[in-house]
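There are 2 protein chains.
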Amino acid sequence: MRLIHSVSELRAALAGQRETAFVPTMGNLHAGHIALVEQARASGHPVVASIFVNPLQFGAGEDFQRYPRTLPADCEQLEAAGCDIVFAPDMHEMVPEPQTFQVQPPLACELCGAFRPGHFSGVATVVLKLFNMVQPAVAVFGKKDYQQLFILKGLVRQFNLPIRILEAETTRAADGLALSSRNGYLSAAQREEAPRLVRLLREAAARIGAGERDYAGIEQAASNDLAAHDWQVDYIAVRSQATLLAPSPDTRDLVILAAARLGTTRLIDNIEVCVG
Amino acid sequence: MRLIHSVSELRAALAGQRETAFVPTMGNLHAGHIALVEQARASGHPVVASIFVNPLQFGAGEDFQRYPRTLPADCEQLEAAGCDIVFAPDMHEMVPEPQTFQVQPPLACELCGAFRPGHFSGVATVVLKLFNMVQPAVAVFGKKDYQQLFILKGLVRQFNLPIRILEAETTRAADGLALSSRNGYLSAAQREEAPRLVRLLREAAARIGAGERDYAGIEQAASNDLAAHDWQVDYIAVRSQATLLAPSPDTRDLVILAAARLGTTRLIDNIEVCVG
Numbered sequence: 115m116r117l118i119h120s121v122s123e124l125r126a127a128l129a130g131q132r133e134t135a136f137v138p139t140m141g142n143l144h145a146g147h148i149a150l151v152e153q154a155r156a157s158g159h160p161v162v163a164s165i166f167v168n169p170l171q172f173g174a175g176e177d178f179q180r181y182p183r184t185l186p187a188d189c190e191q192l193e194a195a196g197c198d199i200v201f202a203p204d205m206h207e208m209v210p211e212p213q214t215f216q217v218q219p220p221l222a223c224e225l226c227g228a229f230r231p232g233h234f235s236g237v238a239t240v241v242l243k244l245f246n247m248v249q250p251a252v253a254v255f256g257k258k259d260y261q262q263l264f265i266l267k268g269l270v271r272q273f274n275l276p277i278r279i280l281e282a283e284t285t286r287a288a289d290g291l292a293l294s295s296r297n298g299y300l301s302a303a304q305r306e307e308a309p310r311l312v313r314l315l316r317e318a319a320a321r322i323g324a325g326e327r328d329y330a331g332i333e334q335a336a337s338n339d340l341a342a343h344d345w346q347v348d349y350i351a352v353r354s355q356a357t358l359l360a361p362s363p364d365t366r367d368l369v370i371l372a373a374a375r376l377g378t379t380r381l382i383d384n385i386e387v388c389v390g
Numbered sequence: 115m116r117l118i119h120s121v122s123e124l125r126a127a128l129a130g131q132r133e134t135a136f137v138p139t140m141g142n143l144h145a146g147h148i149a150l151v152e153q154a155r156a157s158g159h160p161v162v163a164s165i166f167v168n169p170l171q172f173g174a175g176e177d178f179q180r181y182p183r184t185l186p187a188d189c190e191q192l193e194a195a196g197c198d199i200v201f202a203p204d205m206h207e208m209v210p211e212p213q214t215f216q217v218q219p220p221l222a223c224e225l226c227g228a229f230r231p232g233h234f235s236g237v238a239t240v241v242l243k244l245f246n247m248v249q250p251a252v253a254v255f256g257k258k259d260y261q262q263l264f265i266l267k268g269l270v271r272q273f274n275l276p277i278r279i280l281e282a283e284t285t286r287a288a289d290g291l292a293l294s295s296r297n298g299y300l301s302a303a304q305r306e307e308a309p310r311l312v313r314l315l316r317e318a319a320a321r322i323g324a325g326e327r328d329y330a331g332i333e334q335a336a337s338n339d340l341a342a343h344d345w346q347v348d349y350i351a352v353r354s355q356a357t358l359l360a361p362s363p364d365t366r367d368l369v370i371l372a373a374a375r376l377g378t379t380r381l382i383d384n385i386e387v388c389v390g
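Chains as they are written, first to last, in the numbering used here: chain A, 115 to 390; chain B, 115 to 390.
Think of the hints as simulated: they come from the structure by calculation, not from any bench.
It is possible that some hints are incorrect.
Identical chains share a label here; the pair holds if one copy fits it or two copies do between them.
As the list claims (entries may be wrong) - Distance condition first, Cα-Cα at most 20 Å in a straight line; then the derived DMTMM-like pairs of lysine to aspartate or glutamate:
#, residue 1, residue 2
1, LYS267, ASP344
2, LYS258, ASP328
3, LYS258, GLU386
4, LYS257, GLU133
5, LYS257, GLU123
6, LYS267, GLU207
7, LYS258, GLU207
8, LYS267, GLU211
9, LYS258, ASP289
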């Protein structure tokens, strides 16, 4: 496995070997990331993983400064998972100029975007750069970051990038909690409380699966339950999978998305549910 | 020469022949466009020209509806100039979805951008799509659209596109008027008046070349002269070539840019000047 820091070195390493599978990450890897790498390997292509803590996707007061940087440990995990190239660009490679282009995605102010202004623009801008640097045939993203995945599928489609997006199921702890780098911020008590989020999403999905159509009521019930257990709820929302907008009465493929905070730690999760 | 309307057909035609030279246009071609095609041919690559009247770069009340569509005549000229592929995408190929991503360039509200809100975002968004569709090795743009060229060079650089931008000098009529599709909107009397713009830019460049450094005074004199001859002046601006911002006293590579209207027809031009 090679560790590469510059675009020029990356281009040289990839010359004559353009059909790669790409896994962009911010590092601090856990089993969820490794599942993405395994899915990339299963595509049959050599695997490139990137590690870059993207400043453009953090808002003022968010955790950019304290976000864990763990490159040596990350590289060990990636090598064990069969990754071929780790691309860990320096800041000046990714954000070389004070006046930068920005990609503005649709739905960037919905759901998580309503609580993290500029977040999805920062994600799309840097992922587009990474796509152009790596020029992969395939890129793998997890469904845990459902809105991010939705926006990046749109990015690839609307900008006609010749990249196939693979979607990876969310990797969960035994108690159901979606794996996330930010879980490391939780105290022991918070960690014990945290799986309530996925439990409520599963309950909500079961109610919809059983025929309930009062989505606002379902959202409110889950939100109340979280608030009663000291969560700060950003949103619980039943949406259409196809548009991420509010469903019409005949929308069949739904997703329930949630974002809520335990103390200062913001957790997100989602569950898909299809109605007959 | 092949005329292609869809991305899928384009990709098939380009398969195994990725090193092309690309000339994006809005059609209604004149000798200035043909000079771009000739510069593309001189690169040694097969030449792809696109023809697409980009709605995203026209503002409300601008001339999108009346912009001349002259595809058969354009194709004749392109074939005679040695173009290999004409790509004339349908609207639904370029703007397939109601909710679209937008590329926001830096300097998009300066100079022409101050008078055409959204223009450079529309240009950058569609050129990025075209770049991804064609994936050329080389792309040719004219210096007549100086700010556009500046922004697109930034687009390629900041998004790490593996494309080399070639800059083409402005093609001019015998009396100096920069060739433009919009010259066709001018009445006979306006056409006679129009070369005043380049004459004033040349005078301004000569004054700077002779040592004058009162850029504001030079801008004002040219602007007054235009206004005295019934032009509506959007701006006359001495700027740094490197940044397109106002020059500092020791900036050596300058460009004087102008935009002004004769009746309803907006003309732009510019001239570079380097001081000792």
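Hint check:
1. LYS267 <-> ASP344: neither (35 Å within a copy, 51 Å between copies)
2. LYS258 <-> ASP328: Neither: 25 Å inside a copy, 59 Å across copies.
3. LYS258 <-> GLU386: Within one copy only: 11 Å inside, 52 Å across.
4. LYS257 <-> GLU133: This pair counts as neither: shortest intra-copy Cα distance 24 Å, inter-copy 36 Å.
5. LYS257 <-> GLU123: neither (31 Å within a copy, 32 Å between copies)
6. LYS267 <-> GLU207: Classified as between; 17 Å across copies, 24 Å inside a copy.
7. LYS258 <-> GLU207: This pair counts as neither: shortest intra-copy Cα distance 28 Å, inter-copy 31 Å.
8. LYS267 <-> GLU211: Cα proximity of LYS267 and GLU211: across copies only (13 Å, versus 27 Å in one copy).
9. LYS258 <-> ASP289: Answer is within: at 16 Å inside a copy they meet the 20 Å cutoff, but 63 Å across does not.
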